[in-house]
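Trainee: Build the full structure now, drawing on both the sequences and the hints.
So the protein lines, in turn, are chains V and A. The opening residue of the first sequence carries number 8 in this note's numbering; numbering runs sequentially from there. The opening residue of the second sequence carries number 29 in this note's numbering; numbering runs sequentially from there.
It is possible that part of the hints are untrue.
[Stated by the list, open to error] Stretches of chain A that chain V covers, calculated by requiring three or more beta carbons in the stretch to come under 8 Å of a beta carbon on chain V:
hint, region
1, 44 to 58
2, 80 to 86
3, 89 to 101
Hints were generated in silico from the structure; no laboratory data involved. Every residue, glycine too, gets a C-beta built ideally from N, C-alpha and C.
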Amino acid sequence: MHAFEYHRPASSKDAVSLVSKKPEGRYLAGGQSLVQAMKLRLSSPSDLIDLSALKDLTGIRTSGSTVEIGAMARHAEVAGSAEVKKAIPALAALAGTIGDRQVRHMGTLGGSLANDDPAADYPAAALGLGATIHTNKRKIEADKFFKGLYETALEPGELITSVSFPVPKRAAYMKFKNPASRFAMVGVFVADFGGKARVAVTGAGPSVFRQAEMEKALSAKFAPDSVAGIKVKPDGLNSDLHASPEYRAHLITVMARRAVEAALK
Amino acid sequence: MTIKVSMKVNGKAASAEVEARTLLVTLIRENLRLTGTHVGCDTAQCGACTVLMNGKAIKSCSIVAMQAEGAEIMTIEGVARPDGSLHPMQAAFKENHGLQCGFCTPGMVMNALDFARSHPNPTEQEVRESLEGNLCRCTGYHNIVKSIMAGAKAMGGKI
Ligand SMILES: Cc1cc2nc3c(=O)[nH]c(=O)nc-3n(C[C@H](O)[C@H](O)[C@H](O)COP(=O)(O)OP(=O)(O)OC[C@H]3O[C@@H](n4cnc5c(N)ncnc54)[C@H](O)[C@@H]3O)c2cc1C
Ligand code: FES
Ligand code: FES
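Mentor: Below is the structure:
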C-alpha cells in the first residue's frame with residue numbers, strides 16, 4: 008500500500024471541505040473495497056477522509072412510503088433492522104447476503120453505491136426500487152446514478168449522505184453467488200408497485216441495469232410465468248472465468264422467475 | 029510520517045506510533061506482538077485474522093489500524109480466563125476436535141464468540157452460514173460446526 012495521510016473529521020461539512028483541498032483524497036467508509044484496492048495498489052489516494060465519526064450519516068428512518076438509510080449504515084445493521092425487515096424485507100435480506108459476517112460488520116451502503124462494483128448487491132436494490140441517493144449537494148435518482156463500470160454520477164468530492172428507498176407492495180432479490188467471492192454472478196431484484204413493476208439486474212453487465220421486457224410483462228401481470236419464457240440476449244454481458252455471456256443471460260431469466268416466486272410467497 | 033494510534037486491546041490500553049497505512053493486523057502482530065491473530069490470505073477471504081472490534085467480528089487485514097482508533101479490540105489472547113483456563117468456546121473446540129493444524133482456529137473462535145452471543149442455541153445451518161468468511165484447509169468443517177454448536181450452548185449468550 009502506498010503512503011497516505013489519514014483524517015477523521017467530526018462533521019460532514021469538514022469532510023467535504025477537506026476533500027476539496029486534497030484533489031487525490033478519497034472518502035473512507037468501511038474500507039472493505041477501498042483498503043483492498045489500495046493493498047493491490049489499484050488505488051493510491053494521497054489522503055483518506057474517514058467518515059466513521061459522522062453521526063449525520065448514520066441511522067435508519069421509516070415513514071409510510073419510504074425507508075431512508077444513512078450512508079454509513081453497515082450491511083449487518085440493515086440486515087438486522089426490525090424497521091427495514093418490516094417495510095422492505097427484500098432489502099434487509101439482500102444486505103444479509105453481502106459477503107460474510109465480518110464484511111457485513113464493516114461495509115456500508117454509501118460505500119457500496121459509490122463503488123458501483125459490477126457484481127455488487129445494493130445497486131440492484133437501489134435501481135430495482137427506484138431509490139433516491141441524497142448527497143451533500145443534491146438528490147440523484149437511481150436511474151441517473153449508475154453510469155458504467157465502477158462509474159457513478161457522483162462528482163469529485165461529492166458525499167453520499169443517505170438513500171431513500173420507496174416501499175413497494177412486494178419485492179424480492181435472488182442472487183446466484185460466485186461460490187468463491189460470494190459476489191453476484193447474476194442477481195435480480197424485482198419490485199411490484201401495484202401495476203408498475205421494476206426489474207434490476209446486477210453482476211451481468213458492466214453496471215447494474217433495468218430489464219425493460221420483464222418490467223413490461225410483470226407490470227401487466229406480476230407472476231413467475233410472465234418472465235419464465237423471456238429470452239435475454241447475451242450481447243454486451245460480462246464474460247470471465249466464472250461464466251460466459253450466454254450463461255449469464257440464461258441466469259437472468261432463472262433468477263427473475265425465482266425472485267417473482269419469492270416475492271409472492 | 030507517523031501518527032499515534034490508541035485503542036484498548038484485551039482490556040488494556042495500547043498505543044503505538046505507526047504509518048497511517050499500517051493495517052490493524054500488522055499493528056496487532058508486529059507492534060503489540062500478539063501473534064495469535066493469523067494472516068492466511070491477506071485478501072479478505074480466509075478469516076484467520078478475525079478479531080472483535082467493539083464486540084463485532086471483523087477481518088483485521090482489511091482495515092487500517094487508524095479505523096480502530098479509540099475502539100475496544102479483543103484478540104484470541106484475551107479469550108481464556110484470567111487463571112489461564114480455557115473459555116467455553118475454546119474448550120468446545122478441544123473437546124470436539126475442532127482443529128488440526130490450528131492455523132485457522134483463532135479466527136474461527138473469534139468469529140464464533142460474536143456469533144454465539146446472538147445465537148445461544150444455533151442450528152447446524154446457522155453455524156455453517158456463520159462460517160462463510162472463515163476458511164479451513166484441514167478439518168472439512170464438520171468438527172468446527174460441532175464445536176461451535178457445543179460452545180454456543182455452553183456460553184449461554186455471554187462471551
Ligand atoms: C470478502 C469480501 C466479499 C464481499 N462480497 C460482497 C458481495 O457479495 N456483494 C457486495 O455487494 N459487496 C461485497 N463486498 C464489498 C463490500 O460490500 C464493501 O463493503 C462495499 O462494496 C464498499 O463499502 P465500504 O463501506 O467498505 O466502502 P469503502 O471501501 O470504504 O469505499 C468504497 C468507495 O466508496 C467511496 N465512498 C464511501 N463512502 C462514500 C460516501 N458516503 N460518499 C461518497 N463516496 C463514498 C470511497 O471513497 C471508495 O471509493 C465484499 C467485500 C469483501 C472484502
Ligand atoms: S488474512 Fe485476513 S481474511 Fe485472510
Ligand atoms: S485446522 Fe488447519 S486450517 Fe483449519
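Trainee: All hints, please: hold or fail.
Mentor: How the hints compare with the structure:
Chain V is given as covering the region 44 to 58 of chain A, and this holds because 4 residues of the stretch bring a CB closer than 8 Å to a CB of that chain, at least three being needed. Taking a C-beta to C-beta cut-off of 8 Å, the region 80 to 86 of chain A contributes 4 residues in contact with chain V, enough for the three needed, and the coverage statement holds. For the region 89 to 101 of chain A, the stated coverage by chain V is satisfied: 6 residues place a CB nearer than 8 Å to a CB of that chain, which reaches the threshold of 3.
No hint from the list above goes unmet by this structure.
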